[in-house]
Amino acid sequence: MCDIIWCKKEKDGKVCDTVNYLDPYCFWNWEGKIACAECGTVYYIHMIQGHMYEGPDEKAGEKPDIYPLYADKPNDGYSNYLPGIEGRTRPYTCLPRHIYLGKADMVKFSARGRPVRGWRPQPPSAGVAGSHGYFWDIEKLSPEVWAEYLERLAKGEVKDW
Amino acid sequence: MEDKDLQKMKVCNFEDLDGPKSKEELEEMKAPFEEYCKKVFDVGNEFVKPDALKGIRWMSTTMYIFTPHSVTNLAELGAECIKVEMPRMGDPMRHTSPFNECYLYPLHDTRPMSGTGLGFVNANSNEYYITLDYHVPESKPVFYNLVKMSDGLTECYRHGTFDRWKQGYRHIMEVNPRFIYVWGGGFGYGPKIFGGSYDILGQAHAGLASVTGTHEDFGGHATKASNWCIDWYSGSQITTAILAALYWRNKTGLGTMIEFSQVQAATRCLGYTVPLYGRFGIVRQRWGNWDTQLCVHGIIMTGKSDYPDEPNPQLKYEARYVMVSAFQDADFKALCDIIKKPDLFSRYKTHKERVGAPAQIEIYKAIEDWAADKSRSEVVRILKTEGLLAAPVMNDKEVYESEHYRLRGTVRWNDDPLFGDVLIQSAYSCGLMSRTPRKHKWLWRPVGADNVKIYHELLGYPMSKIEEFYAKGII
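Residue numbers (our numbering), protein chains in the order written: chain A, 83 to 243; chain B, -19 to 455.
These are computed hints drawn from the structure, not numbers from a lab. Predicted model only: the values in this text are computed from it and were never measured. C-beta: ideal position from N, C-alpha, C; glycine also. Be a bit skeptical, because a hint or two may be false.
[To be verified] Simulated pairs of lysine to aspartate or glutamate, DMTMM-like, Cα-Cα distance not exceeding 25 Å:
| hint | chain 1 | residue 1 | chain 2 | residue 2 |
| --- | --- | --- | --- | --- |
| 1 | B | K419 | B | E14 |
| 2 | A | K241 | B | E378 |
| 3 | B | K19 | A | D242 |
| 4 | A | K115 | B | E81 |
| 5 | B | K433 | A | D219 |
[Claimed, not checked] Sample of chain A residues facing chain B (criterion: CB under 10 Å; computed from the structure):
| hint | residue |
| --- | --- |
| 6 | P173 |
| 7 | V189 |
| 8 | F191 |
| 9 | A193 |
| 10 | W201 |
| 11 | R202 |
| 12 | P206 |
With these hints in hand, go ahead and build the complete structure from the sequences.
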C-alpha cells in the first residue's frame, strides 16, 4: 500500500492527470519536495508513518528533492513512467539506506570491522557464460577499502567478534 | 570351539578398535563428558572431516525457500548440488530482500546494477549455479545429460509442468531408473492441484495461524510466525524423504518419486489439534504466549527494557519479555512467594487447578503486575536465584553475543569467497555430528557462475558450444 499524488495541474489547456506513486520504503517517514513525473510540478509533502501529515502543497518555481519511483496515467490507457527515466522517475537502485534518510549506505566493513565485498556495482569478472571464480581479492578489487582496513587494523578497531 | 572357527566368526579385531585396551589406558582416556564432546565435535575444525553425502549429485530446479532448502540440506552434508536457474534472471528469491534494501552484488554480468537479496540466504548454500532455459528444444539433451549424471532432482514448478515438458519423473526414469525425483509445491494433486504455495499459505491453510497468537478476547489475532518457518520446516521434511529414498535405492536399486505438499506438511505442527476435534468436536483456540498443558509455562512482559538508552526501538522498548516456567507444585509455590501472592498458591494448589483457562488468566496477570516495575534482567535474576527456570526472550544482537552459541559455533563469521566477511548460522544451526559435520562453504554465487564447471568440466561440452548456448540465451 502506498500513498499517491494525483497531479491535476493544468498545463497548456490540458489536465496533467498523472498518478505519482509514493513508495512506502522511501516515503514512509519523509519530508521534502517531489516533482510530478509528467508535468514537473513540485509538491511539498510531509509523511509520518505512512500518513500524509502535510501536503501535497504546490511549490511553484522550487527545485524538487526527489522524483517518484513510478507514475502512470490510468485515464490515458495506462501509459506509465517506469523507474529510472531521467528527470521523471528515479532509478530503481535497491540500495541499502541510512535509516529514515533515504541515503545510500554501501557497507564496506562488517559489524566487526573486516572488509566485505559485494557492494554495488561490482566489476564484471565473469569468464565464459557468466562464470565466476571463487575468490575476489579485496586488495585488488578495491585498494582504497584495503587501505582503510589496514588503518583500522592499526588502530585496533578490527575485532574477532 | 577351535580358534580358527572363532576367527571366522569375528567381524572385527579388538586391537584395531578405538578405545582403551587396558585399565590404565581407560583411566588415562577418561574425560568428563563435556570435554569429550568438545573433543569429538571439535567446533571450528569441521573441514578436516569427511562429508557424509560425498558422491551424491543433486539437481535443484527450485525457487524461493521451501524447495531450495531441501537441497541445501544435502549440500551442507556434502552432496554436490547444482542449482539450475533461468538465464540472466535467476531464482526470483534473489530479487527479494528485507524491505528491499539488502543486496549483495553482482547478480550476473549482464545486470551489473542488480544484486541478490539477503532473503536468498541459507536456502542455497554450497551449491553450484548454472543456467538453462527449459523452453528451448536444444536444452532438452543438456537436461537429460545432467539427469544421467545425477542421483536426483528437486523441482517446484506448477504440478505436472515438468511432465508436460517431458522432463517429469515418467520421462526421467526411462533415462535414469535410479533417479529420485522430488516435486515440492503448495497442494499437490487434489482439488487445488494448481494452487501455488507460500509459507503464509501453508500456515493459513493448515490452520496453524488460527492457533498462533493471542486470543481476540485479549486483543490478539490469528498470527503467522514472522519468519517463514513452514518453508524451512517443509524443506527439511523433504530432505528426510530424500535420505530415506537414497537408503531404499541402496537396497533395491530403484528411484522414487516424492510428491510433497507444503500445506499438508504444515498440518503436522498442529500437534493434538486434529485428534482433539475428532474425539471431542472441540475447535482449538489461540492461547498466545501461554501453554494449554502447563502452567506456569509462558512468556510474560516486564515493565522495563534492558536497554533504555539504545536508539534502536527493538532494544529500547522490546527487550522486556521473559520466559518463565514453574508448573510443578514446589516451583509454583516458590513463584507465588516471590511475587508476594501466597493466596494464589493456596487457591491453585494442584496443577490441574491452575492449568484451567480462568486460573491461567489470573496467575499470569499477577506475575506481570509484580514485574511491572522491574526490568527484564532483574526478573530473570530474581527467579533464577530462587531456582526457577527463567530466560530472557533474546533478540538477534543477543543471539550474536550469546556465549552458548559461540561455544557451539552456531553463529560464526565466515570469509565468503565472493562476499567477504559474513555472519552466518547456516549449516551450523542444525546440530553437531562427530564424524561428518555439516559445513558452510559459501552463501551463494552469481547466476550462471558455474556454467563452465558443469557444462564443460562435468558434461564435456566444448567451450565453443557453451559460448554458442550463451549467445542464444539457452544458458
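Hint-by-hint comparison with the structure:
For the hint linking B/K419 to B/E14, the alpha-carbon distance of about 22 Å falls within 25 Å, and the restraint holds. For the suggested pair A/K241 and B/E378, the alpha carbons sit about 17 Å apart, so the restraint of at most 25 Å is met. Restraint check: the Cα-Cα separation between B/K19 and A/D242 comes to about 23 Å, which is no more than 25 Å; the hinted pair holds. At most 25 Å may separate the alpha-carbon atoms for a hinted pair to count; A/K115 and B/E81 meet this at roughly 23 Å.
Distance restraint check for B/K433 and A/D219: the Cα-Cα separation of roughly 21 Å lies within the 25 Å cut-off, and the hinted pair is therefore satisfied. For A/P173, the shortest C-beta to C-beta distance to chain B is roughly 8 Å, which falls under 10 Å, so the interface hint holds. A cut of 10 Å between beta carbons decides the hint on A/V189: the least distance to chain B is about 9 Å, and the hint holds. With a least beta-carbon distance of about 8 Å to chain B, the hint placing A/F191 at the interface is held under the 10 Å criterion.
Here the hint on A/A193 is kept, as its CB sits about 7 Å from the closest CB of chain B, short of 10 Å. The closest approach between the C-beta of A/W201 and any C-beta of chain B is roughly 6 Å, which is under the 10 Å cut-off, so the hint is satisfied. Evaluation of the A/R202 hint against chain B yields a held restraint, the C-beta minimum of about 4 Å falling below 10 Å. Evaluation of the A/P206 hint against chain B yields a held restraint, the C-beta minimum of about 5 Å falling below 10 Å.
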